[in-house]
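Taken in sequence, the protein lines are chains A and B.
If you're matching positions, the first sequence starts at 1 in the working numbering and goes up one per residue.
If you're matching positions, the second sequence starts at 1001 in the working numbering and goes up one per residue.
Don't take every hint at face value.
Restraint-style ranges between C-beta atoms, simulated for each label pair [to be verified]:
(1) 1035(B) - 391(A): 22 to 30 Å
(2) 1105(B) - 32(A): 50 to 58 Å
(3) 1052(B) - 380(A): 48 to 56 Å
(4) 90(A) - 1097(B): 32 to 40 Å
(5) 286(A) - 1108(B): 14 to 22 Å
(6) 1024(B) - 355(A): 35 to 43 Å
(7) 1020(B) - 294(A): 15 to 23 Å
(8) 1127(B) - 357(A): 29 to 37 Å
If you are wondering where the hints come from, they were derived from the structure by calculation, not from laboratory data.
Using N, Cα and C, we set each Cβ at its ideal position, and we do this for glycine too.
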Amino acid sequence: MIYFDHAATTPVKQEVKKAMDPYFSDKWGNPSSIYGLGREAREAMCEARQTIMGILGAERPSEIIFTSGATESNNLALKGVAEAAAFEIGGPPHIIVSAIEHHCVLDTAKHLESSFGAEVTYLSVNEEGLVNPLDVEKAIKDNTVLVSVMLGNNEMGAIEPVKEISGVIKGEREKREKKGDKTPLYFHTDAVQAFAFMPVKVDELGVDMLSLTAHKFYGPKGVGLLYVRTGTKFAPQQKGGAQEKGRRAGTENVPYIVGMAKAMEMAEKNREAYSKKVGELTDYLVKRVKEIPKIELIGPKNKEKRLPHIANFLFKGVEGESILINLDMLGFAASSGSACTSGSLEPSHVTKAMGYSDLEAHGTVRFSLGELNKRSDIDELMKHLPGIIEKLRAMSPIKE
Amino acid sequence: MSDLYNEKVMDHFTNPRNVGVMKDADGVGEVGNPTCGDIMKLFIKVDKKNGEEVLSDITFQTLGCGAAIATSSYVTEMAKGMKLADAEKITNDAVAKELGGLPPIKMHCSNLAASALREAIKDYRSKS
């Protein structure tokens, strides 16, 4: 198999697996236990947290909350802030999210709208998939408590202007402060796809909350984190024990937390070389796929505004699933839209938000490159892809 | 991905029968839904045998997912040689059933081939 789906998930690195291994059957204690075995687990977790703090530039260990992955982190960020703020402001809170967020942000926002009475603004993007920070400024209302805009998009790789949006939010906070208005306003970013490719420092980005998941950078699935800046008021969503300072009850997943820290450490160290290698491969892929007529690379035109591992192509007059099945039969793994929406009939909300029609949105295929790829994989792909597209186009009643 | 569909569906998807435009078609039927990403066009040729109208040829063109292409291909095979009156009774559900079933999510949007056939017959009748 040739794997072009690194944005969906990545394999666990041997070094990561090795780091995790002792915490399954040797040092298997519960980190909340008082005795030696528990202490051992607690220390491992503590060390992992320190490593992660350093990488993200967090100030206190309590700012890192371990979760089961980005879906939980994003749910926790939105629901947690909305709930705490509603209590504080005594009315419905307003939340701003971009229209191209992952479903775990969008569906949480929709849930807060329908079941919690929150007001939500879905920020539109331009045809390249970029949010305009001025639109954030315009969307902020007196009761806005949270803005959530992802750092890098998972479907077409747009790098969103998070720093600029943070500036807008700081300005608004100052205005509120001057008025003596105590309504909180926080900024959350989903940095899941971006982490392996760009420095993710919470102060430089100017964010109050940030979500990550380990399996996008060669760590294990089922573990992630939510960074929460000290002073950010949020209501825990999972009740029970006192783990994570009572903000995320449940026995911590020690081996996976250790694995995530190791994977982050390695990603941090290799970032520059990895980005360069993957970026060059993606450039080559784009160059080769463009040999096929009537295709379009969607997302930002300027390479600097695009994550280096993602290339999403619109194949005019063809449907994405048909391409994917044909590729799969030949041993190529790619996806249409996000991995989570393949097999659903809805055209990608991201492509649609960029102004493409339903039919066009159905004709997109995402290739995402990484460690497993080499140049010859792309040559191999190009032995088959033009034929697949030609065959499917010949079958189509739409000629354009 | 391939385990999304059974072998019979995959066979019709990978080797679709009767693909193409029919220049001298007696009837053309087009159905589809851009939201679902599936558009099907069916072309029919009708001959009279012993005073009865029979589908002597059918071809199709489809833009769509695996299910859309497979059901289009299958309905052309199913209906070829049938009396018009019988072909009209083929339902989308029957096509899916004969193909050994489709994923539930595909039943609504991508399973429109029989509707396309009925549209083509309607078109033929409106002309004759």
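Consistency of the hints with the structure:
{"no.": "1", "hint": "1035(B) - 391(A): 22 to 30 Å", "verdict": "holds, 25 Å"}
{"no.": "2", "hint": "1105(B) - 32(A): 50 to 58 Å", "verdict": "violated, 43 Å"}
{"no.": "3", "hint": "1052(B) - 380(A): 48 to 56 Å", "verdict": "holds, 54 Å"}
{"no.": "4", "hint": "90(A) - 1097(B): 32 to 40 Å", "verdict": "violated, 58 Å"}
{"no.": "5", "hint": "286(A) - 1108(B): 14 to 22 Å", "verdict": "violated, 36 Å"}
{"no.": "6", "hint": "1024(B) - 355(A): 35 to 43 Å", "verdict": "holds, 40 Å"}
{"no.": "7", "hint": "1020(B) - 294(A): 15 to 23 Å", "verdict": "holds, 20 Å"}
{"no.": "8", "hint": "1127(B) - 357(A): 29 to 37 Å", "verdict": "holds, 32 Å"}
Of the hints listed earlier, those the structure fails to meet are numbers 2, 4 and 5, in rising order.
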